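Whenever a hint applies, use it, and build me the whole structure from the sequences.
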Amino acid sequence: MRQLGPLRFEPDPEPPLTRTIVVSALAIVTAFLVAGMIFWAYGVSPLRAYRVILVDTLSDPRAVPEIFVPAIPLLLAGIGLLLAFRAQFYNIGAEGQLLAGTVAATWIALFTSTPGPLMLPLMFITGFAAGALWGLLPSLLKLRLNVNEVITTLMMNYIALYSVSWLVTGPWKGPSVRGFAYTDTFPDAAWLPYLPGTRVHWPTLLLGIALAIFLTFLLNRTRFGFEIRVQGHNPDAARYAGINPLRTTLLVMLLSGGLAGLAGVGEVAGIHHKLLDPNQVSLGYGYVAIIVAWLARGNPLAVIVTAIFFGLIYSSGDVMQVSLQMPARVTDVFNGLILFFLIGSERLLHYRVRWIVPEGRSAPIG
Amino acid sequence: MRTLGGGLLLGTHDLKEMFGQEAPPTVGEPLDMPAEQAPIMSSGAGQTARVPRLSVHNITKTFPGVIANAQVSLDIHGGEVHALLGENGAGKTTLMNILYGIYQPDDGEMFIDGRRVDIRSPRDAIAHGLGMVPQHFLLVRRHTVAENVALGLRDTRFLFPVRRVEQQIREAGERYGLAVDPNASVWQLSISEQQRVEILKALLRGAEILVLDEPTSVLTPQEATQLFAVLKRMKAEGHAVIFITHKLDEVMEAADRVTVLRKGAVIGTQPIAAVDKRTLARMMVGRDVEFHMPGRSDTGSERDALVVQDLWVRDDRGLPAVRGVSFAVRQGEILGVAGVAGNGQRELIEALTGLKAAERGRVALRAGDVTNRSARDIYEAGVAHIPEERMRTGIVPQMAVSENLVLKRFRYPPFSRGALIDLQAVGDFARRMIIEYEIVTPGPHTPARLLSGGNIQKLILARELSAQPGLIIAAHPTYGLDVSATDQIHRLLLHRRNEGAGVVLVSEDLEEILALSDRIAVLFRGEVMGVVAAGAVERETLGLMMAGQRA
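Quick note, the sequences are listed as chains C and D, same order. In terms of the numbering used here, the first sequence opens at residue 2 and continues consecutively. In terms of the numbering used here, the second sequence opens at residue 3 and continues consecutively.
FYI, nobody ran anything at the bench for these hints, they're computed from the structure. Values in this document were obtained by computation on a predicted structure and should not be read as measured data. All residues carry an ideal CB built from backbone N, CA and C; glycine is no exception. Warning: the hint list may mix true and false statements.
As the list claims (entries may be wrong) - Reference listing, derived: stretches of chain D covered by chain C, where coverage requires no fewer than 3 residues with Cβ under 8 Å from a Cβ of chain C: (1) 395–405; (2) 417–424.
As the list claims (entries may be wrong) - A few chain C residues that don't get close to chain D, going by computed Cβ distances all over 12 Å: (3) VAL45; (4) LEU219; (5) ASN245.
Shown next as structure tokens:
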């Protein structure tokens, strides 16, 4: 227990939901305040910037659907990461797993003679498989040799990134695109439909929401979910209970990577309709999904909300670029600040803060 | 006893003089010193023997939802061993943490030698002459004894701080009977020697008031007797010793006065001459406690529930921990496994339950050979395991009581149908177990973390015993539990034995082993020193076996 002026911090290991929400909201507000200083240093009034972010983005009928464009990959990758985190597997590799999904989908779309109606389903299936495969190697290294998964999943991201770069500048470079570093455009059958007048590829969105619901069910109602929860909360008890940690972790990682792979399929089939420079395919979705999953605190359904929130930040970046002439990368600053304060606030969750004015006390000794 | 030149740094309370401004407290109760108590040779300045060395007044400490200490008042005198007795959760540890400055009380005051003190950190506590010997030692294992002691001293020289300390360790060792080689590395020392180092550390820091937290839990009976002799020397030197325990025998053996805590409140303080075990037990639990066990039927089975042959197991560091152990447990028999902690018990249990691979040897159940089979296979072969660390391995603290009750059975019907968990069946089973095993919980959906230690253990027993195991492996099943929970768990184990289950009971509590076992095997450095019939063996014999003598 600590006393800080009139504030007393009392340990409380079980944070109630309201405190979780309040502390998380405070962390986000603090991130906004610090970001405001950056706007100010850039010569933009923070108040004006906030208004642009919140009011302009949300009031423009064309801007609102744009929130969902980044929210879709964040949702899919986010629920995957959340599942891995629940099993205490710190998958930092959603970016690479997402890119693996884009490669597989592109291969199906451009280099196989899949009949039209089967095209999109097959793209999703192979995209899932590719993402799962990309997550498999780090999990095997972890399980067999106890190699830290944070390092391996992160490094696998770079392997994926440069592989995609190589593909689009080399073997897969489209004959019809002249000097540009991307593949040919996908055939029509490989295009996901949009909600009219927007860029929201709704089948992927629906898939994400359905899978969030499915994962909630999986975690709470199935044997496998029970094993994941035991493994995640207490690996010693899992071993004691005869739960095979290899099998649990491996399945979780296959699912986690696969879900990121699905996000990748959505990006190429829904937005770009071709494979291009990896930094344009994914605007860091795999990394931001870590924050999305973290903020959801273990609840797959909450990812729907947190993914949309970060979708808002992404699309406000576009708005700021247009109305305030700020670089779009300002969203990265935002995301970084939010993650920073969220992780910083983690300790606060486990304390109850009370306002107690200390009475006259005897002389403390040193 | 040879007296040395008084080179010891005891009783240097230079800081204390700064706080003499407050009025001495009124001492409420009259002092009742036992007649045999040693004369007080207090080294403090100027106070009379009637001012307690340490006085605690109306200390109250609450945690969210729990009153850990309610208006606790306590006087400790120089030259006495004062036992603080209470069940787990009675508030002993909280009180000591307040004394040592780890917690701040919500209310109440503390006085040392009649002066009010405000202890806000362990550093303050040390400055006031309070020393703590923790239950789990805080020593740097790779360093020598002298280096460990020097680490905590205030006035060490910048260069070569250890040399002067070596001399001090030798002197203090001789003065108090705490012989230990200052140049030995801590990892080479036995547990009881490490405890001596902790005591020396506190003494050389100038501790006048020494708190020992459950000091005997890691000692053989002979080592405990040695420790009590050290306590006697310390009180003869005028120290005040506070001795935290929940073992009645030790209070009777070592203490001059005893204060009993129950549910955070002081039930009473008595000179040892005025109480007996039964009185203390009643004060501790709040009702009469039966000291005899339920009867045991002679099951007389000749069939083995477990046969272990020439078992070799390595510990986590790869060193041989179990070395060629062989024994058998019959159906309807409790085999007690005695031994000081760390002599291979943990590795033996892990090998028997499938949590660790055996290097060599054979483990066979009624159902057949299970050597190096998985934990799940061994569970399915009818082995129940009551693990040593119930919070760390026995339960998933964040998950519900009901989920913890099916932790091993969730994959079988009726709790699972296909891939799905049948929540209805889990809930029904949990409600039945809560009633049958008298688990005190707000409900089946409460996180197991919120249960008390005794109820967590009952939860584990309900889960393990309801599966009708043919063999029960129980590791320290009552460690840290209160008298009533202990009693209930003993009855459950005996009941299963009478029904024909074989039981392996690993415990450091000799009383428990003697009370429950049919036969006793003693482990020392990974080997069985002998298997003896429980009815025919003396405590002393067991103690010698625990120290490495073969039967």
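> Among all the numbered hints in the text so far, which are the ones the structure does not match?
Replying inline: 4, 5
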